Amino acid sequence: MANSLKINGQMLSVDAPEGTPLLWVIRDELKLTGTKFGCGVASCGACTVHIDGQPTRSCQTYIEDVADTEITTIEGAESDVARAVHQAWNELNVVQCGYCQSGQIMSAVGLLTENAKPTADEIDDYMWGNACRCATYQRIRTAVQRASDILEA
Amino acid sequence: MNTQISRRNFLKSASALAGATLVVGFDAGKAVAQSAGTSDITPFVRVAADGKVTAIIKHFECGQGTATGLSALIAEELNMPLDAVEVDFAPANAALYGNTLFGGAQGTGGSTAMADSYLKYRTAGAAAREMLITAAAEVWGVSPSDVTLKDGVLSAGDTSAPIGDLVSAAAQLDVPANPTLKDPSEFTIIGNPDTNRRDNGPKTNGTATYGMDIQLDNQIVAVLLRGPRFGGTLVSHDDSAAQDVPGYIRSAALPPQAGAGVIVYAQNTWAAFQARDSITADWDFSAAENRSSDQMKADLMAAVNTDAEFDARGTPAETAAALKGAAQVIERDFFFPFLAHGTMEPMTCVVAPSETGVTVYDGCQFPTAVLGAFAAVLQIPQEAIEVKTIYAGGTFGRRATQTADYHVEAALAFAFAGGQQPVKLVWSREDDIKGGYYRPAYAHKVRVGLDDAGQIVGWDHRIAGKPIFKGGPFDAALVHGGVDNSSVEGTRDTPYALPGMYVGLTDGKTPVPVNWWRSVGHSHTAFVMETMMDMAAEAAGQDPVEYRLGYLAGGTPDQNRMANVLRVAAERSGWTSDMAEGHSRGVAVHKSFGTFVAEVVEISGNADDGVAIENVTCVVDCGVAVTPDVVVAQMESGIGYGIGHAMRNEITFSDGEVDQFNFPDYEPLRISDIKSIETHIVPSAEAPTGVGEPSTPPSAPALANAIARTGTRVTHLPMAENGVSFA
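Taken in sequence, the protein lines are chains A and B. Counting from 1, position 49 in the first sequence corresponds to residue 49 in the working numbering; the numbering is continuous, with no gaps. Converting from the second sequence to the working numbering requires adding 153 to each position, the first position being numbered 1.
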């Protein structure tokens, strides 16, 4: 079944049956592999993309539910907030294996878009669903605060 | 580490790459020659005709920072900024890239990457520097001592040239047998706390490529329907319902000797998962693990309450005699469950046909085993196999197994598909959680005798669990007198001066496949050692830090280093200072993989009302810290890994079937679980040791010792299933 999707500002047509998770459309059909498969049950956040600006688990979002929406993946994360988050992540050497970090960054961008100056507890609450098996959490917390400072400056 | 370097062992190769290119490295001599059969060259640094310098990294990058650390060694000796040195991963070739600490096999593990590479890479970089300087001196007609090399430019007086101009001349020279290494006082990169990771860019913008991301033309996806019980065999399967799944191709039963399962092929990952879910199968469980966890645990607990199969240190009779004279005996049993590694990227491997044989795309932890697996399954020579090592989405030990399990699956999937098109083997999270190769479950039982003054007079320590190395390729090296070292490491070799110590071992028997898991045996032995030391201190009415220091006062180098990190951790954590109301602290210290780590965990709350981890103070002595921020990151990572699993993770069985399925019931550490970690690296001029694992062993016992201060001593893990609630 042909579906039209707007991803990273581009209208694209993909052939995928109803019930196909957006994650697999993005990865296997559109070859945008920055969005990761971690658990398939919305429990780790590695597959986080933005749908109309809202961080969303693409493994539990289906192709038929995203018509007429704007989807942004890590490859299209280019807002001022996203740039600040990237800079902070690099300054603080957050990444280790890196596999979860696309999802972490998409969530962090969502957080800072909603809340420009989050406290440590607010960061923990918002980022709770993004698992990192390398346990880079302390640096993620610090980097979100650093990105907040970059945006404020 | 012996790093005798001879001219024979160096390579200068202008022909390996088009044009004038200098490739320098060395092998470790005999060890490699003996294990790999050939002894030639090990090129670690490449200088291209355009002057571009590339560090060839002989270890995979799973997040531990090897690409950063090894390229830093090259940049240091070549006097270049680190970001001017490109990074490339080595091909699979043990003769060139073998790990001396693995007897010459090429692989990463046991926190050996920097320990094995420190002198090899510095020597290669220094040799390249000397050759470029000598070439410039000859071309310019000056003395080599008048030529300097800095930031990719050679200079002598008023003459200067970029190194690319001299590569051609340098490639004609003999490789220096003993190049002069930089004096550590001149280091600008090694030890610099401001050194950044090399992989920040691609890992934050989505461009880093992992095995899961490989997309080749005409590629199909393979997943495996595995038997629900380890040791079971496939009787039959029915894929008629899968025929309705769009994208499903076909399925094939694995040959019995290759395991129990059905390979399911589809055009894409989602179709493969859907098709697999619709296939039904019958299994024969007659030789399978059919027990439930209660029985498996009871069997291990019974084994530590009777005579051990093997004596690992001392004798039970001598220790029994010592305990007989004790004023008091403290006694405790311990249980550690099976644990999955839970790498963020599940196992995956892509195999594609090539002109010579096959190309394998893998976050490849153990190239020597992978080559062997593909050669054996596909019946082709190892030379016909090219392994492209790409980023690995975590390992914690999982990507290297002694059977190369997922590589064998990938090779079979490729062969059964006809061998003419690329096949990507994909594990789902459920495959990962239910798929075995776990940290084996272990039981311990310890009885410690104290005299009137609270001093230890005897230590009877029984251990039972399935050995990791016994019967495998490392058996001869790591199993002696029946004792698999990985079952007892951290106990019989403790730096503590313990009188009257007996360590007895009984092997656990189960078809459940087991594997090394971050810190291997230390993942359970440190918990037991540090709990018993804490209980002994408590029984003696002494401070836990001072009590431990009393057993580290013998003046051996290990004792001195272990005592030092413990003292510094006490200072940095304010061990003797007052705490906020409702807070408690616990301490643990352990040596593993040559590295000493002390940790103090400060908690609030208690086991009944909920424990919150307020802060972890970590002090590490890993010899020279080449890239200090990477060391700090590894300490943070290992602490999170150790504490997260100790809090709430276990793999359990009901009638042989794994109960857990995915992260919801194998809940990872979350960002809110540890509020703060402070790491301090003690200055050291000792040779660098590993950092990927050593912060894991002391983390859980330090937490348990803090919880013990609130009145609950937990010695069966996970804590959340054994009487400790977390806030």
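Calculated from the structure, these hints are not laboratory results. Quick caveat, the model's predicted, so the values are computed rather than measured. Among the clues, some could well be false.
To be verified - Here are the computed lysine-lysine pairs in the BS3-like style, where the Cα-Cα straight-line distance is at most 30 Å: (1) B/Lys450 / A/Lys117; (2) B/Lys450 / B/Lys623; (3) B/Lys623 / A/Lys31.
Stated by the list, open to error - Partial list, derived from the structure: chain B residues whose beta carbon lies under 8 Å from chain A: (4) Trp436; (5) Phe569; (6) Ser829.
Glycine is no exception: its CB is placed at the ideal position from the N, C-alpha and C atoms.
Going down the list of hints, with the structure as the test:
1. B/Lys450 / A/Lys117: 49 Å, violated
2. B/Lys450 / B/Lys623: 21 Å, holds
3. B/Lys623 / A/Lys31: 43 Å, violated
4. Trp436: Hint on B/Trp436: violated, closest Cβ of chain A at ~24 Å, above 8 Å.
5. Phe569: 21 Å, violated
6. Ser829: 7 Å, holds
Violation of the numbered hints given earlier is confined to hints 1, 3, 4, 5; the remaining hints are satisfied by the structure.
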